[in-house]
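Model the placement of chain W on the given structure of chain P, informed by the hints.
The listed protein sequences derive, respectively, from chains P and W.
Residues 1 to 256 (this note's numbering) are what the first sequence spells out, left to right.
Residues 1001 to 1251 (this note's numbering) are what the second sequence spells out, left to right.
In silico SDA-like pairs for lysine to any residue, Cα to Cα no more than 25 Å straight-line:
id, chain 1, residue 1, chain 2, residue 2
1, P, K39, W, R1071
2, W, K1106, P, P138
3, W, K1111, P, A135
4, W, K1108, P, H32
5, W, K1111, P, R41
6, W, K1108, P, I35
7, W, K1106, P, H32
8, W, K1013, P, L15
9, P, K39, W, T1094
10, W, K1067, P, Y31
11, W, K1108, P, N42
12, P, K21, W, K1067
13, W, K1045, P, P138
Hint data in this document are derived by calculation from the structure and do not stem from the laboratory.
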Amino acid sequence: MVQLIKFVGRYAVELFIFLGKMFIFLVESIYHIFIPPFKFRNFLRQLRFFGNKSMIVVIFTGAFSGMVLALQGYYALNKFGAEALLGPVVALSLIRELGPVLCALMVTGRAGSAVTAEIGIMRITEQIDALTVMAVNPIKYVVVPNILAGIVAFPLLTAVFDLVGIYGGYLVSVHALGLSEGTYFSQMELYVDMEDIEIGLYKSLSFGLLVTWICTFMGYNSGYGARGVSRATTNAVVLSSVVILVWDYMLGAFLL
Amino acid sequence: MIEIKDLYKSFGKQQVLKGVNLVINEGEVTAIIGRSGGGKSVLLKHIIGLLKPDKGSIFIKGKDITKLKGRELDEIRADIGVVFQGGALFDSMTVYENVAFPLVEKTKLSKKEIHERVIKALTDVGLQGMEYKYPAELSGGMRKRVALARALIAHPKILLFDEPTTGLDPILVRSIHKLIKDTQIQYGFTGLIISHEIPEIFEISDKVAMLHDGRIVEVGTPEEIQKSDNIVVKNFIMGIENGGDYEKRKY
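Just chain P, with the same shape it has in the complex (with noise of 0.2 Å):
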């Protein structure tokens, strides 16, 4: 009993530290974007590695999941004479729900997990104490313009996933299953509003904060060795899918 409560207890203040730790991370990071010098191009760089190269995957995702959603959506609607509804179901799942939680979790295997490998890497092999001892600060030049270019990405991808989930449930819908190309779009004209969009907008801006918020934390944290960084990138993976999906909830419960 005693080594239970002994190990309960060391978990308890292990975990308090670690988000200690990443608490004292983020602010330090926000502390780091209001304050010159600005590393402009650095964040640039991130923006294109962010977004540019996450397109590929944020539209073929995007694409077959409106499609999907089409399919799925038709065969449910089509118990209750509702075929008519298929518009806005797809619109509506993939603006309030699909396209901030799927791109926020593709672009997190994709570009985060490259994020966290490439600082962990830094670290082990002492390149950000070379930054430290050069008296250029590490959160500036590497975390910060990885957090700026999440922030101002990922709620760009997910208009980019929104646009082609759309398009993607409309060639299934008006080509494949038959429904008219003005019921598809006007019905989601009517059922969608601007309030849908802005809670899409809020989740995923949300999300580029909180991944690259993790996966720079795991990387700059990293452990010792190919090991260290293999281990840091795993953890950083699967702790920003974890609060994206739970992040998403609470956020959901809150806005709706």
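For chain W alone, coordinates are given in the frame of chain P:
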């Protein structure tokens, strides 16, 4: 120039530094020798403020850097260059960008001035024509030279070397040592070299300190160290295991 007083550092239950005392004189090259895992790199990281000691002080230009933070620490660091064990070159940048980095980030020099200084620094270390190669395309010896060029470019008053010749063949070891000595004469920096290259390190050092079991057990000129009666120093120089003998002696 650098005065280390009673420095203690532990990681968990392992005590790495157990009261290090050392004075590094201005304009000299001081070598710290000792076995791997003896705390040499930990000591160096304290001198540049990457680690904070549990107890003790390090005075650089009269300021205790163990108490400094933020800008004050950065001001001291501006006078210090470091050549890391693996070079710590930025692998996403070319040789030119690596060497230019301290000037681009910390000075307001024009592109032309930076270019001239980069070319000079690369020429000084014998790497002219390598500007646009990436670190991964260079040999171990070349990477160390680039690291030295990057450390020299801001004309630091103090240059710290963390095992600058580890993993190099004996000819390259001599060539890097000669380069350190030549650049020290040319730039006039105060040098601190962490090394276990025996006997090569004696050729370029003005003073040698032996770090063993977390303490400096002997300090002297290379000649004095080579003639030392201290069993730990003697055994280290001759490459003999000495743990048991040392434990029996009281320092």
